[in-house]
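Asker: Sequence:
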Amino acid sequence: MGEEISKEIAVDGVDVRELYGAQNVYLEQIRALHPALKIVARGSSLKVLGAKSAAERFERRMQGLIDYYLKYGHISREVVAQAFAASGLAADEAPADQDVIVYGNNGTVVRARTVNQQRLVRLYDADDLLFAVGPAGSGKTYTAIALAVRALREKVVRRVILTRPAVEAGEKLGFLP
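All residue numbers for the sequence shown refer to this note's numbering, where the first residue is 142 and numbers rise by one.
Read the hints as simulated data drawn from the structure, not as lab findings. Beta carbons are placed, not taken as given, at the ideal position from N, Cα and C, and that holds for glycine. Check each hint, because a few of them may be wrong.
To be verified - Here are the simulated DSSO-like pairs of lysine-lysine, each with C-alpha atoms no more than 30 Å apart in a straight line: (1) K148 to K188; (2) K193 to K148; (3) K212 to K179.
What the hints assert, rightly or not - If you anchor each label on the Cβ, the simulated ranges turn out as follows: (4) V241 to V274: 19 to 29 Å; (5) E197 to L270: 13 to 23 Å; (6) V274 to A192: 38 to 48 Å.
Build out the structure end to end from the sequences listed, making use of the hints.
Answerer: What follows is the structure, given as structure tokens:
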């Protein structure tokens with residue numbers, strides 16, 4: 142068994158309410174992913190108690206998560222899961238500018254934010270025809286429109302044709318009613 146140590150990780154410059162999530166949901170997720178470690182949040186620092194190797198690995202991955210937050214300004218359950226996965230996001234492996242789908246008006250950056258949106262972009266690059274199926278609000282249409290705009294700007298296509306169901310469902314449907 143390795144040597145037991147106590148490490149303190151500073152989370153300066155980060156809004157801990159965003160980093161730990163509403164009602165500490167991300168912090169609880171992090172704790173669940175590290176049952177061998179005792180993780181205590183105190184103000185702008187995290188105290189980690191446990192085996193030296195596990196605590197040092199946790200510190201590297203937590204720093205990667207903090208760097209991701211500082212770069213992109215948001216955290217999600219998927220990001221936490223990726224940061225603390227076995228292969229995990231190292232600080233230099235955080236999604237880069239190559240993840241940008243398209244730059245909108247005034248330099249607005251449109252990128253795939255969730256794991257499934259990133260998967261949609263990868264599949265789009267690999268296949269000619271793609272069907273996106275999933276729950277409402279998961280960003281299927283938004284990502285598809287961003288990919289269509291990118292193809293139009295890169296002159297891969299000459300025009301984009303938007304269609305909708307011919308049958309009215311009695312309510313506005315989706316992102317493009």
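Asker: Now tell me, hint by hint, if it's right for this structure.
Answerer: Now the hints, each set against the structure:
Restraint check for K148 and K188: the C-alpha separation of about 6 Å stays at or below 30 Å, so the hint holds. Proposed proximity of K193 and K148 is supported: the alpha carbons are some 9 Å apart, at most 30 Å. Restraint check for K212 and K179: the C-alpha separation of about 28 Å stays at or below 30 Å, so the hint holds. A C-beta distance of roughly 25 Å is found between V241 and V274, which places it inside the suggested range of 19 to 29 Å.
Look at E197 against L270: about 47 Å separates their beta carbons, and that is not inside 13 to 23 Å. Distance hint check: the CB atoms of V274 and A192 are about 44 Å apart, consistent with the given range 38 to 48 Å.
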